[in-house]
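Visitor: Given chain V's structure and the hints, the job is docking chain F onto it.
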Amino acid sequence: MVTSIDGEVARAWQAAAAVVDPEVPVLTIEDLGVLRSVTVTGDTARAAITPTYSGCPAVDAIRCDVADALRGAGYRDVSVDVVLAPAWSTDWMTDAGKHKLRAYGIAPPSGRAAHSGPVPIALSVRCPRCGSLSTREIAHFGSTSCKALYECSACLEPFDYFKVH
Amino acid sequence: MSATRTADDVHGDIHRDVHGDIHGDVHVDAVELDPELVGAGGADADHDVAQYAQWLGDDALVLAQRLGAWISRAPELEEDIALGNIALDLVGQARSLLHHAGTADGRSEDDLAYFRDETEFRSSWLVEQPNGDFAATIARQLVASTYMHELYARLQHASEPTLAAIAAKAVLEVAYHRDHAVQWTLRLGDGTDESRRRMVAGLDAVWPYVDELFADTPLIDRLGDRAVRPSTLREPVLAALRDVLRQAGLAEPDLPPAPCGGRAGRHSEYLGYILAEMQVLARQHPGASW
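Listed in order, the protein sequences are those of chains V and F. The first sequence begins at 1 in the numbering used here and counts up one residue at a time. The second sequence begins at 1 in the numbering used here and counts up one residue at a time.
Just chain V, same shape as in the assembly (with noise of 0.2 Å):
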């Protein structure tokens, strides 16, 4: 069987798609954005990757389980590239992986990231379990870069909001 070149990469494509952020499980790194390109040559297959923080510590993770899933679709030479321009943002998170992060407690990004100077007003953030948008900030910081540690004031709960970037 003759496979299209537009086939075999697109077949590698999901391969390496399908990789979770192992600190972020319900989210795919193409649902991240994380996932920059797929090149087929043969039986070689080259991916390039984005780390959403310079510091985040899931890339190497990443970059592991995405050789991996490459070579579990069959490809003998595999090689991930790690790229820093365009700087990844939470603009690039898919509609799709919002709704996943929402429905695993976790508050989407809201609003698209500030390209330039400061954007003066806070926006709220609503609460993954209740809806409430009566919600505040307790950390700036939370349990990875990536997000910030809120309070509902409506249910009390407190929850992770992946923060704009």
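Just so you know, these hints were derived from the structure itself, not from any lab. Be aware that one or more of the hints could be misleading.
What the hints assert, rightly or not - Stretches of chain F that chain V covers, calculated by requiring three or more beta carbons in the stretch to come under 8 Å of a beta carbon on chain V:
| id | region |
| --- | --- |
| 1 | 89-95 |
| 2 | 163-172 |
| 3 | 176-189 |
Said to hold, decoys possible - Some chain V residues close to chain F (C-beta under 8 Å, calculated; not the full set):
| id | residue |
| --- | --- |
| 4 | 8 |
| 5 | 10 |
| 6 | 26 |
| 7 | 33 |
| 8 | 37 |
| 9 | 39 |
| 10 | 53 |
| 11 | 85 |
| 12 | 138 |
| 13 | 139 |
| 14 | 140 |
| 15 | 145 |
| 16 | 149 |
| 17 | 151 |
| 18 | 156 |
Unchecked claim - So these bits of chain V aren't anywhere near chain F, every CB distance computed over 10 Å:
| id | residue |
| --- | --- |
| 19 | 76 |
| 20 | 103 |
| 21 | 111 |
| 22 | 142 |
| 23 | 143 |
| 24 | 153 |
| 25 | 155 |
| 26 | 157 |
For each residue, glycine too, the CB sits at the ideal point set by N, CA and C.
Guide: The following block gives chain F in isolation, referenced to the frame of chain V:
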């Protein structure tokens, strides 16, 4: 035959260059996980760029080591996590910068972090300054993050592509660090008499080391538009700091600059202790991985 699929093909509304050809290939091996080789493959730094990358990388690394000492010591749990998160961002920035520096002469980021002596470090005296109390740390953070934010905001437009890419990533992170420091400066400066006294003391302790951040050297002349000229940062950084101090009801310290020589490898007595703690494990077990 080869074919490429990019995130742009999948998410058609994002129009960006995702080929990233300045960042060459990184081979992933199941046994040995090299760090992210940002800038590898045809993007080696020359000697001057390497020196400049060490200025910035060493600043980030030493400040990260200082902030890491707060973990389990901060006044509240959230601050432990915040200072730890900030340190983690800085370590990530230091890794990218020192990796790039190392491409000039074949050294790894670990070689540069763990196997250089005090006189080979190019960090500024500001980041070496002791943690002091929480207000002193916040004062140092206010100055450091304001400086880094202005620096990276400009460096992302530099003509050296790897430095520009690292800066474009770092500027977003440093903006959060700065916001954190500003909020605490406002709270401490405009808080109780005691918090204000400590914030004033913290600012007095770091202010003499601000001037060094804006010193040009012959290296900067050689780098031209591949780097950011430190003296051009003086006015915007000081203006931003004065604005925060005014809001916090604090006066700008009236203190003369200290004689610093960090960019030339002359350091205060503090750096040796920081490096001893940071480097001891790697030097006792050369080649170990963890």
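Visitor: Hint by hint, note whether the structure agrees.
Guide: Checked hints:
Counting residues of the region 89-95 of chain F whose C-beta sits closer than 8 Å to any C-beta of chain V gives 6, which meets the bar of three, so the coverage hint holds. Only residues whose beta carbon comes within less than 8 Å of a beta carbon in chain V count, and the region 163-172 of chain F has 7; three or more means the coverage holds. Given a C-beta distance limit of less than 8 Å, the hint that chain V covers the region 176-189 of chain F holds, as 4 residues qualify and 3 suffice. Nearest Cβ of chain F to the Cβ of residue 8/V: about 7 Å, under the 8 Å cut. The hint holds.
For residue 10/V, the interface hint holds, the least distance from its beta-carbon to any beta-carbon of chain F being 7 Å, beneath 8 Å. Violation of the interface hint for residue 26/V is found here, the shortest Cβ-Cβ separation to chain F being roughly 19 Å, above the 8 Å cut-off. Interface restraint check: residue 33/V against chain F, minimum CB-CB distance 7 Å, threshold 8 Å, status holds. With 8 Å as the threshold, the beta carbon of residue 37/V comes within range of chain F, its nearest partner Cβ sitting at about 4 Å, so the hint holds.
Residue-level restraint check for residue 39/V holds (minimum Cβ-Cβ distance to chain F is 4 Å; threshold 8 Å). At about 6 Å, the closest approach between the beta carbon of residue 53/V and any beta carbon in chain F falls short of 8 Å, and the interface hint on this residue holds. Because the smallest distance between the Cβ of residue 85/V and any Cβ of chain F comes to about 4 Å, under 8 Å, the interface hint for this residue holds. Restraint check, residue 138/V versus chain F: the minimum CB separation of about 6 Å is within 8 Å; hint holds.
A cut of 8 Å between beta carbons decides the hint on residue 139/V: the least distance to chain F is about 4 Å, and the hint holds. Because the beta carbon of residue 140/V sits about 5 Å from the nearest beta carbon in chain F, less than 8 Å, this interface hint is met. A distance limit of 8 Å between C-beta atoms decides the matter here; for residue 145/V the minimum to chain F is near 5 Å, and the interface restraint holds. Given hint, residue 149/V at the interface with chain F, holds; its Cβ is 7 Å from that chain's nearest Cβ, closer than 8 Å.
Of the supplied interface hints, the one on residue 151/V is violated, with its beta-carbon coming no nearer than about 11 Å to a beta-carbon of chain F, more than 8 Å. Taking 8 Å as the C-beta contact cut-off toward chain F, the hint placing residue 156/V at the interface is violated, the least distance being around 18 Å. Residue 76/V, annotated as away from the interface, keeps every beta carbon of chain F farther than 10 Å; the closest lies near 13 Å. With a least CB separation of 21 Å from chain F, residue 103/V remains clear of the 10 Å interface cut-off, as annotated.
Here residue 111/V stays apart from chain F, with its beta-carbon at least about 15 Å from theirs, past the 10 Å limit. With a least beta-carbon separation of about 7 Å from chain F, residue 142/V fails to lie farther than 10 Å from that chain, contradicting its non-interface assignment. Once the 10 Å rule is applied to beta carbons, residue 143/V is inconsistent with being away from chain F; the minimum gap is 7 Å. The beta carbon of residue 153/V is kept farther than 10 Å from every beta carbon of chain F, the shortest such distance being approximately 18 Å.
Every beta carbon of chain F lies more than 10 Å from that of residue 155/V, the smallest distance being close to 21 Å; the non-interface claim holds. With a cut of 10 Å on Cβ distances, residue 157/V stays outside the contact zone with chain F, its closest approach being about 17 Å.
In summary, the structure is inconsistent with hints 6, 17, 18, 22, 23 from the numbered list given earlier, while agreeing with the others.
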